[in-house]
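Modelling step: build the complete structure from the supplied sequences, incorporating the hints.
Sequence lines, in order, name chains G and H.
Under the working numbering, the first residue of the first sequence carries the number 1, and numbering increases by one thereafter.
Under the working numbering, the first residue of the second sequence carries the number 283, and numbering increases by one thereafter.
These aren't lab readings, by the way, just hints derived from the structure by calculation.
Beta carbons are placed, not taken as given, at the ideal position from N, Cα and C, and that holds for glycine.
Worth double-checking, as some hints may not be accurate.
[To be verified] Just a few of them, taken from the derived set where beta-carbon distance is under 8 Å, the chain H residues facing chain G:
1. I456
2. D458
3. A465
4. T466
[Claimed, not checked] Derived, one-sided and incomplete: chain G residues facing chain H with beta-carbon distance under 8 Å:
5. G116
6. N123
7. I139
Okay, here's what each chain looks like letter by letter:
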Amino acid sequence: MVTSETSVPIQYAAVPMKARIDNEMDTKQEPAMEVRDLSAFYGNFRALRSVTLPVPKQRISAIIGPSGCGKSTLIRCLNRMNELIPGFRVEGEVLFEGKNLYDKKVDAVEVRRRIGMVFQKPNPFPKSNYDNVAFGARINGYEGKLDEIVERALRQAALWEEVKDKLHKSALALSGGQQQRLCIARTLAIEPEVILMDEPCSALDPVATLKIEDLMRELAREYSIVIVTHNMQQAARVADFTAVMMMGEDRAGELIEYGPTNEIFTNPKEKRTEDYITGRFG
Amino acid sequence: MMTSGAFQRRLQIRRVSGVVFAVLCLAATLAGIGALGVLLVTVAGDGLARLSWDFITSYPSRHPEEAGIKAALAGTLWLMAFTALFAVPLGIGAAIYLEEFAPRNWTTRVIETNINNLAGVPSIVYGILGLAVFVRAMDLGRSVLAGSLTMALLILPIIIVAAREGLRSVPQSIRDGSLAVGATRWQTVRFQVLPAALPTMMTGVILALSRAIGETAPLIMLGALLFIPYTPSGPMDRFTVLPIQIFNWVSRPQAEFRENAAAGIIVLLIVLLSMNAVAIILRNWFERKRSW
Numbered sequence: 001m002v003t004s005e006t007s008v009p010i011q012y013a014a015v016p017m018k019a020r021i022d023n024e025m026d027t028k029q030e031p032a033m034e035v036r037d038l039s040a041f042y043g044n045f046r047a048l049r050s051v052t053l054p055v056p057k058q059r060i061s062a063i064i065g066p067s068g069c070g071k072s073t074l075i076r077c078l079n080r081m082n083e084l085i086p087g088f089r090v091e092g093e094v095l096f097e098g099k100n101l102y103d104k105k106v107d108a109v110e111v112r113r114r115i116g117m118v119f120q121k122p123n124p125f126p127k128s129n130y131d132n133v134a135f136g137a138r139i140n141g142y143e144g145k146l147d148e149i150v151e152r153a154l155r156q157a158a159l160w161e162e163v164k165d166k167l168h169k170s171a172l173a174l175s176g177g178q179q180q181r182l183c184i185a186r187t188l189a190i191e192p193e194v195i196l197m198d199e200p201c202s203a204l205d206p207v208a209t210l211k212i213e214d215l216m217r218e219l220a221r222e223y224s225i226v227i228v229t230h231n232m233q234q235a236a237r238v239a240d241f242t243a244v245m246m247m248g249e250d251r252a253g254e255l256i257e258y259g260p261t262n263e264i265f266t267n268p269k270e271k272r273t274e275d276y277i278t279g280r281f282g
Numbered sequence: 283m284m285t286s287g288a289f290q291r292r293l294q295i296r297r298v299s300g301v302v303f304a305v306l307c308l309a310a311t312l313a314g315i316g317a318l319g320v321l322l323v324t325v326a327g328d329g330l331a332r333l334s335w336d337f338i339t340s341y342p343s344r345h346p347e348e349a350g351i352k353a354a355l356a357g358t359l360w361l362m363a364f365t366a367l368f369a370v371p372l373g374i375g376a377a378i379y380l381e382e383f384a385p386r387n388w389t390t391r392v393i394e395t396n397i398n399n400l401a402g403v404p405s406i407v408y409g410i411l412g413l414a415v416f417v418r419a420m421d422l423g424r425s426v427l428a429g430s431l432t433m434a435l436l437i438l439p440i441i442i443v444a445a446r447e448g449l450r451s452v453p454q455s456i457r458d459g460s461l462a463v464g465a466t467r468w469q470t471v472r473f474q475v476l477p478a479a480l481p482t483m484m485t486g487v488i489l490a491l492s493r494a495i496g497e498t499a500p501l502i503m504l505g506a507l508l509f510i511p512y513t514p515s516g517p518m519d520r521f522t523v524l525p526i527q528i529f530n531w532v533s534r535p536q537a538e539f540r541e542n543a544a545a546g547i548i549v550l551l552i553v554l555l556s557m558n559a560v561a562i563i564l565r566n567w568f569e570r571k572r573s574w
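Here is the structure:
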């Protein structure tokens, strides 16, 4: 985004308030996921300390905080992507439909099928646009017509009009923003319940970023979305709820404040949150 | 403080020493290419006259003008086919395991180190191993099968190293993307990583095979024949290969046989260079198709 890190005060008036649903009611609803007392370790290094956080249903939750505060580690704990890293382990629970994701009986493949993920850098497969979207459906053995699944996912990702004439051309020929929407379509094609987005716009220009943000608001009608961003304005623009993380004394990431986005940005309870969002720190 | 005159003098010396160094490096490059050029010219001069269709389709003979390389060429092709059959699946399988599935622990590190060491073991040692294990213990005789198994062992480490290089060239983000849509690790390897790594892998495989094609020592150790008037008709037949035939001709007293050797070298070089060319073409073709 075209903003200076040091500009104080930041204008948050652009927050689309009408798009927000009554937050009071939200907090009483059953969340889609719940992180409970979660700590994460890379070998001996503690990356997260005792994070407790709900992921409300059909809302956008943003995780913000300075670099190295554990945002990405936390979001990657939500679909067990981290366990591919040697030496990684967690303590605590991540509840999804009342079950702990890290329970021994839970299969990581099933977890990732139902909790999709979009990454920081667009990572389409070096295949055609069609095959990119169809891949998840194919390997998961979906019934139904693949053509329809692909079209529906591409329409949902607001990409259909742009690629319908080049479905069988390489995905690598798309622009960065289109590639990222293709990755979103790829995720939507397997019909997940939660979509995790790890800084999905950090490699994109402002126009592509706005398109993704509009898309996220659209998707939040059906899906529960968690987005990690180091861009506070982005959190302010799209998120219903915001979690602020900081690095502790021992460099372990901690959750310092969580709440409805407008409260976090207009009336933070923690001094550190206020310092961070006003640009005095981080 | 350095005076302006001293600076100018030093600058002159710095420039000259740069030029001298560049000339030395050029000379080093030319020495290698020159030697190769001289070799090619000499071989071509000695052997081109002898090279003909008859030469390729004739069996060896006591009479140099009647002798040909049919048996050796056929033996080389048989040997290569079986070597590839054994070495490629094993090598790629091992590479996939080590790169994609193996836990990063002490055992894996020991295996990796040893594979790298094996790539440096002299080929004659593999010959001794092949003789003891395949020819004697498994009683395969001095056959194409025993020869190709030995050759497969010889190039296995090279294939493993090259295939791992290919797998490592596939960015982690592709694996992440695949796993994130609910693919298993095997599906990720099978449908995303392997297709992307294939060009690099194939290049490595072809280069490893072209190393095997020139190997002589282990096959002599194994007891490949120096003189056979037939082509192998199955994996259990005895055989000879091009380098052995060339070696045999060179060691004959008659000068005419040396012309045969030169012609044989030309055939071997043609086979070898076309394999390398295929490797390069494959790589370029696939690299144009993908980019990330």
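Structure-based check of each hint:
no. : hint : in the structure
1   : I456 : 6 Å, holds
2   : D458 : 6 Å, holds
3   : A465 : 5 Å, holds
4   : T466 : 5 Å, holds
5   : G116 : 6 Å, holds
6   : N123 : 4 Å, holds
7   : I139 : 5 Å, holds
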